[in-house]
Amino acid sequence: MSTQQIIFLVLSAIALVSAMGVILSKNPVTSVLCLILTFFTIAGHYVMLNAQFLAVVHIIVYAGAIMVLFLFVIMLMNLNADIEPQKRNWLKYAGAISGGTLLVILVAALRDASMPTLQPGATDIGLIGNLGKTLFNKYVVPFEVSSVLFLSAMVGAVVIGKKED
Amino acid sequence: MPVQYYIFLSIALFCIGVMGVLMRRNAIIIFMCIELMLNAVNLLLVAFSKMWADAGRVDAAAAQIFVFFIMVVAAAEVAVGLAIIVMVYRNTHSVDINILNRLKN
Amino acid sequence: MINLVWLVPFLPLLGFLINGLGRRYLSRSQVGITGSGVILAAFAVSVLIFLDVRQPGFQAQEVRLFDFISAGTLQIPFAFRVDQLSALFLLIITGVGSLIHIYSTAYMHDESREGFARYFAYLNLFVFSMLILVLGANYVMMFIGWEGVGLCSYLLIGFWFKNTAFNNAAKKAFVMNRIGDLGFLLGIFFMIMQFGSVSFPEVFEKAATLGLNNGIVAAIAMLLFVGAMGKSAQIPLYTWLPDAMAGPTPVSALIHAATMVTAGIYMVARSNVLYSLVPHIQAVVAIIGLATALLAASIALKQNDIKKVLAYSTVSQLGYMFLALGVGAYTAAVFHVMTHAFFKALLFLGSGSVIHAMGGEQDIRKMGGLKKYLPVTNWTFLVGCLAIAGIPGLSGFFSKDEILAHTFAHSKALYVLGLLGALMTAFYMFRLYYITFCGKFRGTHEQEHHLHESPAAMTVPLVILAILSVVGGYIGLPEVLGAPHWLAEYLSPVFAPSAPFAEAHHLQHSTEWLLMGLSTVLVILFILLARRQYGSYEDTGRGNTGLAKVLENKWYVDELYDAVIVKPLGMLSRFLQDALEKGGIDRLVNGAGRAVQWGSQQARRVQSGQVGFYIFAMVIGMIVLFVIGLLL
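Residue numbers (my numbering), protein chains in the order written: chain Z, 1 to 165; chain V, 1001 to 1105; chain W, 2001 to 2632.
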């Protein structure tokens, strides 16, 4: 097996294990940390797929901002393992089974598709310069709109979170 | 390496996210599993972007732009969602989603 | 004028609409004038039609108004048939009808304004229906009128609807009529099946080609006679007529004496061809008629209500008419219809005058000696009694004797029984007369103070009818007296088609004189017997025993019907109500409602308000969609 495949397998294994850790751990803080690990492995996948810019942005935004926000909120509410509410057992199994069914069906649906192979060689598309050119030439309107989206999200968050006087 | 591997990985991560949403009662954990699902989709999109680039298509960067925007939206959504959860916590002192059944009947 | 024959029924219909719709707004005199006026106008038109029909060589005409039923080869038009028979009946109905309307304006004066208008509206509707019945050009038209008079009879018997007993009497009349109507309808259906038509000339023509004693024709004739049994109160469907006396007296006069009950006679007379083709059914008609005549006469011997005596007398006389039809004497039957209309209406209106004077009292045991208080009523009532008894010179003598003569020619045994009935008739009528008008007054003092002769609107029709009862017989003088039987000549085109099949009756002149003399002598004897028994009647207050008790209780026929028919039907309907209706159908229908409720309770559970459950449902939905997408 080539180096690429080994790296792929390792990264995938870690990603899957930590994803399981997210959903199975009782302590919310542990869930957050597992999720951060998952994000790091996915960033690794991005690098392998020549999306370097995205990998970096992924880490900065997700692991750096979003997860920190999650951690802040958990700390704010003082949640820990013993006051964690648990679902009834059969519901947990039902959830697991339905998720598993979904997995099976999707795999079955997409199994026979004939798809091309990915070349190990590098391409240029993920370089920040090229990406930036595409972004600001073709997709400048969505870019501007996304700024409005952020503005509204900020305003919304502030308004919702305000203490009533 | 065939792109099927990435497809299966992405599906697996997505389904783990679905299982998490169904199995947990804590609103914050559920939110995190939703983020996990989004990330699975992002991974798949980047894989397809590479696939197109290898095939020589010119607009292969479009998928990566798409991922970029998904991240934007996820960030905004997390901000507002967490604000809501904090508000709910302030009113009911719990993040158990079973408590939130005012829409009953 | 014949083309305007539709005016005759539609004038009373107009009167019905005006009085019915305007019953809250019109004054009593307006209602009375409208109600009686339309009948008088119809009478005028009928006279003109009659004069046209009377011309020698007149052919029966059909005046078609519109197509009523047109289904394939079956054509049933709404058409009137103007011939000698219907013209004669038109005169009787509108003539006697107008007299009774005028009488009613005074008799019903005590009613409220709305009740008065309602009465006249119903009475006009009745005349309309009766006219449709006799003018109809086919059996379906006749049936329309048949049903209409049944309905009006119900409405008028139960006119004072606040009284439950009267309502029950009205219901009884209607139900028994209905039983007869079923027979009539079945007869019509057979007719359509066999002949493909219900129009009179076509049916008679086709029936004649089938020859004597054909099974289907016999069935049709029998079924039609069942209808006549109900409408004309023959055994076994006669018990409604005495109960129908619950209605106002003019109603009893018009409907249950002069017109509605003669509808059966009209129908059989109209269908003379059918009946002559099946002599054994004719024999059935004769026997039932005779049996009814005797039974009713026997009951009338012991009744104490003035109207009930007259009611049983009507049933008895109808029996005579059917006897006449049964022996093939169609002209005699129609003759008796006419004379009976005169003297029975006279007797009923006279009894109404008595009841009015007595302030509503109808029990003859409380009357007596009324002749000095009510002179006009007394004389006209006497004339009516003489006519019905069959004293020579009055109309009843000629018609009844003709019936008895034809019966004699047909069968001696039937004649003897018929004669016995006639003698009983004389006896009970004069019993009624003597108890009511002669002897001492047996009522209370207030009643005695109240006694007065009735107003002119009531006495004038009495006088007119009395005159008609006397002279009405001269249109049918028997041949032995050397004069032409004018009525027979007039009606011969109607009854001629049945002549080939009927057995001819010929009596020698001497036999006829003998029969006339015999009946006259015996009738006078029985009248004298009645006078001796009841001339100065004292109410001893003793109840009747033995046979008299049975007669007074109408041979317990009503009680028999009650036990055999009414009670089992009541039990059946109670059973159906409890078991089928409440247990079965109600449970099914309510169960459907409860099932829906239960289902919605279950479906409600989906709305649990739990977000987790909703997400779960979403995932399941996704899975299902994927599966379907995969499979298809």
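Hints were generated in silico from the structure; no laboratory data involved. Wrong hints could be hidden among the right ones.
As the list claims (entries may be wrong) - DEER-style ranges, computed between Cβ atoms:
#	chain 1	residue 1	chain 2	residue 2	range
1	V	F1008	W	R2587	55 to 65 Å
2	W	W2598	Z	L151	28 to 38 Å
3	V	V1073	W	G2593	19 to 29 Å
4	V	V1073	Z	V158	17 to 27 Å
5	V	F1008	W	W2598	17 to 27 Å
6	Z	F72	V	V1073	35 to 45 Å
7	W	W2598	V	V1073	37 to 47 Å
8	V	I1070	Z	L127	48 to 58 Å
9	V	I1070	W	M2618	13 to 23 Å
10	W	G2593	V	I1070	50 to 60 Å
11	W	G2629	Z	V158	15 to 25 Å
12	V	M1087	W	R2587	36 to 46 Å
13	W	G2593	Z	W90	10 to 20 Å
14	W	G2629	Z	L127	31 to 41 Å
Claimed, not checked - If we take Cβ atoms under 7 Å as the criterion, some of the chain V residues that face chain Z in the derived model are:
#	residue
15	D1054
16	G1056
17	V1058
For every residue, glycine included, the Cβ atom is placed at its ideal position computed from N, Cα and C.
Results of checking the hints against the structure:
no.	hint	result
1	V:F1008 with W:R2587: 55 to 65 Å	59 Å, holds
2	W:W2598 with Z:L151: 28 to 38 Å	53 Å, violated
3	V:V1073 with W:G2593: 19 to 29 Å	50 Å, violated
4	V:V1073 with Z:V158: 17 to 27 Å	19 Å, holds
5	V:F1008 with W:W2598: 17 to 27 Å	46 Å, violated
6	Z:F72 with V:V1073: 35 to 45 Å	21 Å, violated
7	W:W2598 with V:V1073: 37 to 47 Å	45 Å, holds
8	V:I1070 with Z:L127: 48 to 58 Å	20 Å, violated
9	V:I1070 with W:M2618: 13 to 23 Å	20 Å, holds
10	W:G2593 with V:I1070: 50 to 60 Å	52 Å, holds
11	W:G2629 with Z:V158: 15 to 25 Å	43 Å, violated
12	V:M1087 with W:R2587: 36 to 46 Å	54 Å, violated
13	W:G2593 with Z:W90: 10 to 20 Å	35 Å, violated
14	W:G2629 with Z:L127: 31 to 41 Å	38 Å, holds
15	D1054	5 Å, holds
16	G1056	10 Å, violated
17	V1058	10 Å, violated
Against the hints set out earlier in the document, violations occur for numbers 2, 3, 5, 6, 8, 11, 12, 13, 16 and 17.
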